[in-house]
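Protein chains: 2
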Amino acid sequence: MSDTLHPSGVLSGMRVIEAAAFVAAPLGGMTLAQMGADVIRIDTLGGGLDYRRWPVTANNTSLFWCGLNKSKRSVALDLGKPEGREMAMALITAPGKDAGILLTNFPARGWLDHDKLKEQREDLIQLTVQGDRHGGSAVDYTINSRVGIPYITGDERGASANEAVNHVLPAWDLVTGQMAAVGLLAAERHRFRTGQGQHVKLPLEDVALAAVSHLGLIAEAQLGQQRERHGNELFGAFGRDFTTSDGERVIVVGLTLKQWQAICEVMGLREAVQALGERLGLDLNLEGDRFKARKELGVMVAGWMARHTFAQAAAALTKQGACWGKYQTLTQLVTQDEACSPANPMFRTIDQPGVGAHLAAGLPLNFSGAARIPAAAAPVLGQHTGEVLSELLGVTQAQYGSMCDRGVVAR
Amino acid sequence: MSDTLHPSGVLSGMRVIEAAAFVAAPLGGMTLAQMGADVIRIDTLGGGLDYRRWPVTANNTSLFWCGLNKSKRSVALDLGKPEGREMAMALITAPGKDAGILLTNFPARGWLDHDKLKEQREDLIQLTVQGDRHGGSAVDYTINSRVGIPYITGDERGASANEAVNHVLPAWDLVTGQMAAVGLLAAERHRFRTGQGQHVKLPLEDVALAAVSHLGLIAEAQLGQQRERHGNELFGAFGRDFTTSDGERVIVVGLTLKQWQAICEVMGLREAVQALGERLGLDLNLEGDRFKARKELGVMVAGWMARHTFAQAAAALTKQGACWGKYQTLTQLVTQDEACSPANPMFRTIDQPGVGAHLAAGLPLNFSGAARIPAAAAPVLGQHTGEVLSELLGVTQAQYGSMCDRGVVAR
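Residue numbers (the numbering used here), protein chains in the order written: chain P, 4 to 414; chain U, 4 to 414.
These aren't lab readings, by the way, just hints derived from the structure by calculation. There's no promise every hint is true.
Because identical chains cannot be distinguished in the list, a pair is counted as satisfied if it fits within a single copy or across any two copies.
What the hints assert, rightly or not - Listed next, the in silico DMTMM-like pairs over lysine to aspartate or glutamate satisfying Cα-Cα at most 25 angstroms (straight line):
{"#": "1", "residue 1": "K261", "residue 2": "D116"}
{"#": "2", "residue 1": "K329", "residue 2": "E159"}
{"#": "3", "residue 1": "K329", "residue 2": "D158"}
{"#": "4", "residue 1": "K119", "residue 2": "E86"}
{"#": "5", "residue 1": "K329", "residue 2": "D135"}
{"#": "6", "residue 1": "K298", "residue 2": "D158"}
With the sequences and hints as input, model every part of the structure.
Here it is in structure tokens:
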């Protein structure tokens with residue numbers, strides 16, 4: 004058995020076959036793998052659509068692919084050949100009480116046709132991440148533009164006020180990835196109780212539409228309240244970026260009354276805020292009124308920040324229990340932030356083939372009832388082909404050699 | 004039994020007590036509720052920290068709170084009184100094979116102390132969403148600044164190039180909410196097999212750090228490759244916003260080769276792209292080389308867009324199966340987009356008390372083995388207090404009346 008398998012994980016014993024590319028579905032699979040599930044990724048020989056996705060190293064190894072496939076096993080088959088596709092279908096439908104689970108973002112046809120797979124395993128659970136609900140193509144960025152976020156992001160004052168600001172973080176992919184894990188766990192729970200498998204569909208478009216509904220943005224728009232672009236201001240309360248006397252940038256948030264009072268306490272603003280509230284006819288103990296007075300309050304906080312170094316501000320805010328954060332570049336994050344270092348037990352330095360030693364994250368969920376599974380490298384493409392074919396399908400060494408000869412697997 | 008309970012849902016029979024505020028934990032609870040779990044939210048009389056969170060209606064009903072608490076039941080108790088806290092602990096630990104599950108983002112002390120709750124129910128599952136792993140305070144926006152995203156978002160050319168651009172979408176909260184559902188389902192699976200409950204901790208900070216690790220951003224920074232700010236350009240491939248001849252804005256993405264070829268086909272760019280590749284010494288069939296040539300390719304695509312109306316561009320791109328999207332405001336989304344209407348079975352027009360009729364989303368996951376649960380309104384605060392106390396704890400009408408008299412519940 005491979006050293007990527009963890010008998011002590013909260014999901015140990017569960018086996019998932021993943022046939023997927025890009026962020027959402029691979030992230031869903033990795034989430035399960037990092038809880039101890041045996042997640043076996045099937046790729047075509049030479050790698051799939053995301054095998055060279057940027058960022059890449061100087062030798063063209065994808066940091067993206069490695070990052071999203073940690074703790075999995077890798078099987079590589081020539082999926083252009085009927086035998087390769089048959090082998091993939093056999094892996095998906097192989098016996099095992101806690102197996103027969105397929106995670107994919109490829110169309111449910113050919114070797115991923117749900118009905119054909121069900122002929123081989125009646126209780127199969129298949130989860131398909133789709134672009135839209137009709138199965139059409141869409142990616143995170145084409146959906147983000149649809150749901151209105153780029154028009155309310157970014158500077159309200161500058162030249163860009165009429166422009167759209169795309170997000171860099173593929174937020175919809177990240178949410179969808181976790182929802183894929185939710186869907187599989189819920190379907191597996193249902194199967195455990197009823198014996199029935201099913202095909203679960205998860206459209207990326209619907210994930211984004213649901214989120215803007217849940218956050219109140221759809222209702223707000225339907226009620227005719229047009230959300231404006233508010234730059235870096237936190238909508239509906241107090242929070243934005245400020246610059247310290249030595250040029251560092253911090254965000255300070257007064258969302259709850261307690262958080263707001265901590266800011267006032269640190270900065271000695273109680274009386275000035277009281278006077279401002281009276282002048283404006285607002286009750287600045289209410290978050291919405293703080294938002295209405297955000298410009299005036301911002302001037303006060305900015306003034307305090309401009310008179311304090313970062314070290315002074317950080318010490319005072321932390322001592323008072325205020326809610327704040329430093330703006331950091333990614334380089335500062337990896338070189339200066341203790342939370343992004345092996346001091347944080349979620350992180351571990353791994354040695355990724357083709358990349359070398361670097362810090363990698365395990366699972367953010369910390370289960371008191373199961374040992375933390377250390378972050379592990381992504382497999383080399385096809386690394387576990389022979390091992391998995393033997394374990395799941397009983398393929399002998401002789402049969403495997405013959406498959407090599409026919410080019411179905413790589414030697 | 005309340006009409007918010009769905010015996011046909013994939014999680015029907017599961018019961019979760021939620022004591023939570025803001026986005027992540029309530030979203031995790033709602034995800035379970037929208038799969039048929041009985042999610043009972045406990046609030047203090049008058050509502051908790053997020054009960055007035057913006058956006059709000061003219062009468063100060065929170066669209067945010069309503070949006071994140073759909074399909075739940077609501078119990079309101081005076082948590083300032085010992086009797087109210089005891090009642091809350093009794094609800095959390097009430098009997099039931101598929102109950103004894105607590106979701107919270109409040110500190111695990113007082114009536115939420117895990118050890119004290121375990122005295123009443125040994126197999127309790129508790130999931131606590133935390134700011135950081137030490138239990139410190141943090142919100143989405145103070146974490147986003149830490150992980151480097153604001154410094155790589157927004158216009159690379161304009162005056163804002165040295166500024167930080169906060170996100171508007173609370174992406175880390177949304178991801179954390181789904182991970183909370185993952186954690187509870189995984190822990191419940193574990194309990195079903197072993198009989199053991201546990202305390203699961205989920206730090207928002209770790210969710211964000213793990214995501215930037217998984218996307219390759221931490222490895223990239225550690226390898227000394229500094230991610231630049233690329234404005235609206237999709238990193239590592241081809242994709243950005245363009246303006247049509249009639250002033251509409253669209254995003255066009257050529258991430259995969261197939262997507263890229265569709266763009267070239269629609270716009271008749273094959274030969275020009277071939278010539279450009281030769282001139283630049285790049286193979287524009289490779290996604291990374293398309294990113295290197297993004298400015299030149301962008302000029303070509305922009306030229307085609309400027310010669311076509313939105314209707315022409317949309318028809319041609321759709322016909323060819325290209326990956327594209329329209330930029331819309333939230334108002335355009337709710338008034339013009341078929342996917343954000345009752346034509347999409349995920350949506351339903353609900354009548355939310357205090358708000359009125361508006362469109363609301365159910366679950367993006369579509370289970371073939373269970374009926375889709377229609378989106379349902381959020382409860383009125385305390386709406387189910389009597390019903391739940393009776394069902395779970397056997398509180399009689401006379402006892403309830405006496406609790407009203409003592410102010411533990413509202414009349």
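Outcome of the hint check:
Within a single copy, K261 and D116 get their C-alpha atoms only as close as 55 angstroms, which misses the 25 angstroms cut-off; across copies the closest is 22 angstroms, which meets it. When the C-alpha separation of K329 and E159 is checked against a cutoff of 25 angstroms, the pair qualifies both within a copy, at 22 angstroms, and between copies, at 22 angstroms. Taking the shortest alpha-carbon separations for K329 and D158, both the intra-copy value of 19 angstroms and the inter-copy value of 21 angstroms come in at or below 25 angstroms. Taking the closest pair of Cα atoms, K119 and E86 come within 25 angstroms of each other only inside a single copy of the chain (15 angstroms); across copies the shortest separation is 58 angstroms, beyond that limit.
For the identical chains of this complex, K329 and D135 are inter-copy neighbours only, at 14 angstroms across copies versus 37 angstroms inside a copy, given an alpha-carbon limit of 25 angstroms. In this assembly of identical chains, K298 and D158 lie within 25 angstroms of each other by CA distance both inside one copy and across copies; the values are 14 angstroms within and 24 angstroms between.
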